[in-house]
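Please build the complex by placing chain B on the supplied structure of chain A, with the hints as guidance.
Line order of the protein sequences matches chains A and B.
Here the working numbering is used: the first residue of the first sequence is 35, the next is one more, and so on.
Here the working numbering is used: the first residue of the second sequence is 2, the next is one more, and so on.
Only true hints are included.
Capping the alpha-carbon separation at 25 Å, the derived lysine to aspartate or glutamate pairs in DMTMM-like fashion look like this:
1) B:Lys29 to A:Asp228
2) B:Lys121 to A:Asp63
3) B:Lys185 to B:Asp127
4) B:Lys146 to A:Asp78
5) B:Lys185 to B:Glu130
6) B:Lys121 to B:Glu136
7) B:Lys146 to A:Asp149
8) A:Lys110 to A:Asp251
9) B:Lys121 to B:Glu192
10) B:Lys29 to A:Asp314
11) B:Lys185 to B:Asp129
12) B:Lys185 to B:Glu54
13) B:Lys146 to B:Asp129
14) B:Lys185 to B:Glu173
15) B:Lys121 to A:Asp78
16) B:Lys185 to B:Asp371
17) B:Lys29 to B:Glu39
18) B:Lys146 to B:Asp127
Bear in mind the hints are in silico, worked out from the structure with no lab data behind them.
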Amino acid sequence: MATAAGDGTPAIVLELTGEATPIPTLLVDLWRHRGLLPMLAAKDFHARYRSATLGVLWSVLLPLLQGAVFAVVFTKVVGVPVSPGVSYPIFVISGMVLWSFLTQSLSAGSTAIVDGGAIAGKVYFPRSILPAVPVLANLISLAIAQTTVLALMPVFHVPFRATLVLLPVAMALTAVVATLLAEPLSLLHVYFRDVRYVVQAGLMVALYASPVIYPLDAAKGVRPLLLANPVSGPLQLARYAIFGEADALARSLLVTLAWVVILAAATLTAFRRHERIAMDRL
Amino acid sequence: MPAITLDGVGKRYRITDDDSLFVRQLAKTLTGRRAVREHWALQDIDLEVQAGESVGVIGRNGSGKTTMLRLLAGVSAPTVGRLRVEGSVAPLIGVGVGFNPELTGRENVFANGQILGLSKAQLTRDFDEIVAFAELEEFVQTPVKFYSSGMFLRLAFAVAIQVEPEVLLVDEILAVGDLAFQIKCLERMRELRERGTTIVVVTHNLGSLSLMCDRAVVLSHGRKRFDGDVDGALGAYHEAMRDDRAGPSATGGRVEAPPVAEVTVLVRDSLGQPTGQVPAGEPFELEIEAHVDQPVTDPILGFAIGSPVYGNVYMAHTLPGEVAGTFGPGRPVMATVRLQAPFLRGSYHAAASLSDPDGSTVLGTSRYADFYATTTARATGVVDLGAVLEVNGRPVADLSRRGELPEWARSLSGS
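Isolated chain A, as found in the complex (with noise of 0.2 Å):
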């Protein structure tokens, strides 16, 4: 399809039909437009925090907020049964810094198509992109935040491990995790304008269908609910990292593997289908 013109270079076709767009050529474009993400998510990140200098401060303090309020809440008024030798407040906070990345990530990223929309409409790129942009401009403050955690730790005689090394490979699976979601989500966003509601609702339940709060086992009969969770996998691999040992940290990644799967196949066949013609709902 697309022919090598005379000096090489192989020149751009676009192709369009009625039918839906083949996969290679979904893949080349994205490729093709690789370097948007970057700058969209480094634009998305200055034009947020411009106005508001302290803005990147507040994105980092309120999930540490959070997590210090459930840390008291749990130890004090209620026990949340963690295993000997794992402070509280540092599991509550790291997974609360997880937590909230990806409920950021995923109310801006659901309804990125849509917000993107002057520009969707007008010129032709991609889309799978935007709804990556908020992710890929989260992972600042994500990773500010983080940071804050491990000098937390010595505060709750946490030790360092070598493990904390997987602590960015937790992040950036989260990360993936977040964008996978966002991606169907955000197409779906553009027929129904309600699925911002949906989305603000679903995460407000799933934190506690997650490992966040408390650990897998923390209650009879929500195990496999909280197994079954597509970021469990993540916050697992992340308390791996902090603490040395994580309760079934290998199904968890799996489970998590699957999702990425489905999702990526639920992405590429959205898509391919009503990545132009969603265009006309702008």
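The following block gives chain B in isolation, referenced to the frame of chain A:
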């Protein structure tokens, strides 16, 4: 080799009333009150544009022009048929989309440029040129939210036009900036055209069509009504408008067609005689007549003088309320423009147009009235700037007066 091929392209929109919420759709579906209307914005479009060609697409609002441009840009996809565009495509559509008010001019240039397909390296290289084109050298570090709307548009346009695509898609080129800036934009487009860029222009501005296009396509109700030379297209366009008014029910529930104006321009010399020749510096007149078929109150009258070689030379229009009164059948707008112009030798043309009171819809545009300017100047170009050449303190030539020096220059050289 064709740069653009459309093969039986059709585009259908489904229009559902108030469909933005799933819960509402569900409720309507359950109660059987969900109505989906279908609308074919484009139908059976076959089109081939050769590489390097400039094609105009004209048609009334709702004729499918914008949909066509969206398809060519790859923003949307056809419902049926096949569309193929070869080469890099850049749209000059809705300039400034994606500009972030919080970011500085410089940051927006880089962001917008990359979205339009320029690389970071290209942008770094061309940055000064872009800013100079926009005439915003002093403001590049200022957040765009402090820009005036004119500055904003100039910058956006400067970025967009810096992209040197193989296929350029243009939406209403002349809508940006003041006159001087518009002329600059036209010049730049002419440059791109000479370099072999394929250009598709969608426009209401029929006057600019022949300046920029070799060929024009007329769309009417989503179908191709005409495809050929610009003069023929202008005729077909007006015919299509007339037909629409003859059978308004054909489209069903459309907004009423705006009035159509038949505009003519005549060039007269200072004695009031029709002429085809204007001596430089001599007064002459444009006599404009606009016959409207429906009453129009306080229309806007515009006229332009252009050169087939150099593009637009002069454009002006009245402000709302200046042409006061209601005009209609049997009561045409009769206007005289008195001019005195230091033209240089060459062909020029005059044209006039009548727009609705808010200037948004051109009711009618005249054909070109051609004339030839004569002069004694030996310079070439558009305007006689009255240049005098001095070498080593001695005036040697008056470039405006062939061979002879003017009185004051002669006295200078004598001393």
